[in-house]
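Visitor: Those protein sequences? They're chains A and B, same order as listed.
The opening position of the first sequence corresponds to residue 23 in the working numbering, with each subsequent residue numbered one higher.
The opening position of the second sequence corresponds to residue 100 in the working numbering, with each subsequent residue numbered one higher.
Hints are not guaranteed to be accurate.
[Unchecked claim] Think about it this way: if two alpha-carbon atoms lie no more than 25 Å apart in a straight line, the pair counts; the simulated DMTMM-like pairs of lysine to aspartate or glutamate are:
no.: 1; chain 1: B; residue 1: K175; chain 2: B; residue 2: D151
no.: 2; chain 1: A; residue 1: K152; chain 2: A; residue 2: D89
no.: 3; chain 1: A; residue 1: K53; chain 2: A; residue 2: D89
no.: 4; chain 1: A; residue 1: K263; chain 2: A; residue 2: E284
no.: 5; chain 1: A; residue 1: K117; chain 2: A; residue 2: E92
no.: 6; chain 1: A; residue 1: K263; chain 2: B; residue 2: D132
no.: 7; chain 1: A; residue 1: K291; chain 2: A; residue 2: D64
no.: 8; chain 1: A; residue 1: K291; chain 2: A; residue 2: E92
no.: 9; chain 1: A; residue 1: K53; chain 2: A; residue 2: D64
no.: 10; chain 1: B; residue 1: K121; chain 2: A; residue 2: D89
no.: 11; chain 1: B; residue 1: K121; chain 2: A; residue 2: E189
no.: 12; chain 1: A; residue 1: K95; chain 2: B; residue 2: D132
[Unchecked claim] Quick look at which bits of chain B chain A covers, simulated, 3 or more residues with Cβ under 8 Å:
no.: 13; segment: 139-146
no.: 14; segment: 188-202
Derived from the structure by calculation, the hints contain no laboratory data.
Cβ coordinates follow ideal geometry from the N, Cα and C atoms, glycine included.
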Amino acid sequence: MNGPLSLIAEITHRCPLHCVYCSNPLVMNGKGDELSTDTWIDIFQQAAAMGVLQLDLTGGEPAARTDLVELVKSARESGLYVNLITSGIGLSEEKLEQLARARLDHVQLSFQDADSGPADEIAGATVHAKKLEIAREIQRYRMGFTVNIVVHRRNLQRLPQMIALAEELGAHKVEIAHVQYYGWAFRNRENLLPTREQLDSSLEVIRGAQARLEGRTRIDYVVPDYYAKFPKACMGGWGRKTMLITPSGEALPCHAAKIVPELRFENVKEGKLQWIWQESDSFRRFRGEAWMPEPCRSCDRRTLDFGGCRCQAFLLTGDSNATDPVCSLAPAHNGVEEMVQRVNALHSSADDGSEAASAKHAPWEYRQNPR
Amino acid sequence: MAAARRISFLSARMSRPVETSKPRLAPGCRVSDLPGRNRVLLIPEGVLQLNDPGVRIVSVCDGERTFREIVQMLQKEYGSADPSRIERETADLLERLHVRRAVDF
Numbered sequence: 023m024n025g026p027l028s029l030i031a032e033i034t035h036r037c038p039l040h041c042v043y044c045s046n047p048l049v050m051n052g053k054g055d056e057l058s059t060d061t062w063i064d065i066f067q068q069a070a071a072m073g074v075l076q077l078d079l080t081g082g083e084p085a086a087r088t089d090l091v092e093l094v095k096s097a098r099e100s101g102l103y104v105n106l107i108t109s110g111i112g113l114s115e116e117k118l119e120q121l122a123r124a125r126l127d128h129v130q131l132s133f134q135d136a137d138s139g140p141a142d143e144i145a146g147a148t149v150h151a152k153k154l155e156i157a158r159e160i161q162r163y164r165m166g167f168t169v170n171i172v173v174h175r176r177n178l179q180r181l182p183q184m185i186a187l188a189e190e191l192g193a194h195k196v197e198i199a200h201v202q203y204y205g206w207a208f209r210n211r212e213n214l215l216p217t218r219e220q221l222d223s224s225l226e227v228i229r230g231a232q233a234r235l236e237g238r239t240r241i242d243y244v245v246p247d248y249y250a251k252f253p254k255a256c257m258g259g260w261g262r263k264t265m266l267i268t269p270s271g272e273a274l275p276c277h278a279a280k281i282v283p284e285l286r287f288e289n290v291k292e293g294k295l296q297w298i299w300q301e302s303d304s305f306r307r308f309r310g311e312a313w314m315p316e317p318c319r320s321c322d323r324r325t326l327d328f329g330g331c332r333c334q335a336f337l338l339t340g341d342s343n344a345t346d347p348v349c350s351l352a353p354a355h356n357g358v359e360e361m362v363q364r365v366n367a368l369h370s371s372a373d374d375g376s377e378a379a380s381a382k383h384a385p386w387e388y389r390q391n392p393r
Numbered sequence: 100m101a102a103a104r105r106i107s108f109l110s111a112r113m114s115r116p117v118e119t120s121k122p123r124l125a126p127g128c129r130v131s132d133l134p135g136r137n138r139v140l141l142i143p144e145g146v147l148q149l150n151d152p153g154v155r156i157v158s159v160c161d162g163e164r165t166f167r168e169i170v171q172m173l174q175k176e177y178g179s180a181d182p183s184r185i186e187r188e189t190a191d192l193l194e195r196l197h198v199r200r201a202v203d204f
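Pulled out of the complex, with its shape left as it was, chain B reads as follows (with noise of 0.2 Å):
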């Protein structure tokens, strides 16, 4: 359908997950796999584009893993960056992608 004019009103409660948030690619959610193409993440109707880590994170949100795992997982893939702010941005990441109902936790 032809989009005129979509309205979205966030609130001001964000959805963040806390170290023991088990994230999971809501229902529908899935990580492309075409060969020779950039990854980006598949919704309803909808292509979300990622870089690397956040491809990394959504391709980890398994639903086992807790949310303290991935960021200690990603600190050790990117030992050179500074660990706080890969909690910061993962958990950023993921709030924006609960908000458009592509991750649960």
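Chain A with its partners taken away, still in its complex shape (with noise of 0.2 Å):
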């Protein structure tokens, strides 16, 4: 098995905001659980000897860590390249020198709207005008930039205001995703699954963005697995590109796998990554398709997405072992199917943020900080 190209440093669970799509899990690490700094140098040090080339420090809000530039000083030193997937609450014109001169390579940059008002709705925090701030720090450094913003129905029909904002922002690329449905975004799904019509104009508004912005700006866009005939390739496969660590210190194939009862985790302070990449039961336990249940077994997509995801699989189904059921071949493909079609019928393509639209939406539920 080859080793991972890239870590996930979940560095801490604590964020100031409250965004009710955070793919965070609902039961999450405190303070008191964080892993030293020390002990992610220790990290950062074995990742770089396994070959991992690329690093992730995320959160919950990496920049709520008091030790974040050392860590980045660190990764650097061992030979990684340092990503920072951050929300911009937490950094200041101070703090992006440090990191600067700390050879922090590329900043990602969260906005959850082109407007504030609805920015801050989903945030469920006063942040959008201090994101403006931080986005205009950044370019005084010569470091990759990336907005990232995530989309879904009550946002969607702002697409070109988003893109012009990352535009305007200056970034380098801009990373559209659509929620995807985990964590705290599973429980406001429903209130989040764009339309099909939504869908569908969107790829327009791309489709003319990509061109016109071509060589200046990059435009990645991540459509919903729920609208697709085959399942993504999650993670590029179970255990085969990323490995995460937890802020306490378990070593996940990816951000939700703790939500599978029957597998028990790793954690960084008891073994050497190698040993948990290569040899762990968690690790190796849905590689290769041994697993796969019918149709995933003979099916001719196996190698190109590996039966798709494990969390999903037993998110809709109480089956990790189970076909994704987003897939069109999945015996539990209808339970998708019903909840496209009901959001479909109840929505119209125009969530123009009217009262009327307004009132068929269910309340929010917010991200909670851990305790």
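Build the complex: two chains, separate frames, hints provided.
Guide: Right under this line is the structure:
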């Protein structure tokens, strides 16, 4: 088994925002359980020795950690390419300068919308204005700069304005990503799933913007797999490309894997990364094809999508082995179909933010902070 | 974030370097320099594998050398290869990297 290409370091679950689509687990690590600076530095060194090239510093909000600059510096010294995945809240002029001196390679800054009203509603906090300030500061440094915007039924109609915002902020890359239904996003999915018509219109907008901005701003668009015919190759396959480490040190193949009840995950405080990756039961569990049920086991696509997402299979069917229900060939596919049809029947394509439109939405379940 | 069905459409208009272009690695893009490892181009949340000439090309994209100078340099270094092929393939690579936003010119 080749080593992972990337390491996702969830250095904290603390976050000043409460985004309704957060993919963090519902049960989070508290501050007292967080790994020390030295432990993270050792993890970075082990990862680099295993051949990991890319590190994502994320959370929660990574800037909530006071040792962030030191972690970036050490990660770079280990030979890793360092991406900071941040809401911007907790950063400052001074901190950005320190991060630049620590040789941070790339910042991915999230925005929730083009306008502060809906943005702050989704984030459950007054943050949009501060993000704009941080974005302008980032441009002063020669580092990669991506604007990340999570899209869903409630903001898709402002896609052109969101692209324009990213362009105005000088982002080199814009990642426009549909909500994926895990964690808090799963709780709010009835409010978030776009209509088919919204999705179709959005593809036109994206196509046009990609052509217009080619060579200047790269636009990546990630569509929701509930509308797909076949499942995504989740994480590039279970335990194939990426290892994620939680704030308390558990090594997972992805951010959602803890919901699978029969799996026992290793902790980096007790085992070496190399052993965890190669030998541990949890990482081996869904590698290869032996675990696959039909129709996956005989399916021509099994080497393309690896049977889809195990966590999604568990979330939607209670069985982590099941064919990913978003797949049109999955026995449990009708559950996904029913939800899609229900959302399309209930909501017209123009969710115009009016009172009438808002009245059709259930109250948000906001992301809580860990205790 | 788990990647679900990335969509991208390339327009008919491609970004190709001209003789006087001065290609430069974009912010956040650098060639890896790890002992005992193949050199790759590291970009925001991504890794681009390059062959040896490709690594050579991106290593000299410093925003000072022109495309013409880079091609001449390669034609000298790869003396046995067809010079017009070198020029075409260098332009091809830089075009692809430009679209990926890894090289500016």
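Visitor: For every hint, state whether the structure bears it out.
Guide: Results for each hint:
1. A distance of roughly 15 Å separates the Cα atoms of K175/B and D151/B; the hinted pair therefore holds under the 25 Å criterion.
2. For the hint pairing K152/A with D89/A, the CA-to-CA distance comes to about 22 Å; that is within 25 Å, so the pair holds.
3. Between K53/A and D89/A the alpha-carbon distance is near 13 Å, which keeps this suggested pair within the 25 Å criterion.
4. Between K263/A and E284/A the alpha-carbon distance is near 22 Å, which keeps this suggested pair within the 25 Å criterion.
5. Our distance criterion of 25 Å between C-alpha atoms is met by K117/A and E92/A, whose separation comes to about 11 Å.
6. Distance check on the hinted pair: K263/A and D132/B sit about 21 Å apart at the alpha-carbon level, within 25 Å; holds.
7. The straight-line distance between the Cα atoms of K291/A and D64/A is roughly 10 Å, inside the 25 Å bound, and the hint therefore holds.
8. For the proposed pair K291/A and E92/A, the alpha carbon gap of about 20 Å is at most 25 Å, so the pair holds.
9. This hinted pair checks out: K53/A and D64/A have alpha carbons roughly 20 Å apart, not beyond 25 Å.
10. For a cut-off of 25 Å, the pair hint linking K121/B to D89/A is broken: about 39 Å separates their Cα positions.
11. Restraint check for K121/B and E189/A: satisfied, since their Cα atoms lie roughly 23 Å apart, inside the 25 Å limit.
12. Simply put, K95/A and D132/B have alpha-carbon atoms about 17 Å apart, close enough for the 25 Å limit, and the pair holds.
13. Restraint check on the segment 139-146 of chain B versus chain A: 7 residues with Cβ-Cβ distances below 8 Å, three needed, restraint holds.
14. Here the segment 188-202 of chain B counts 4 residues with a CB under 8 Å from a CB of chain A, which clears the bar of 3, and the coverage holds.
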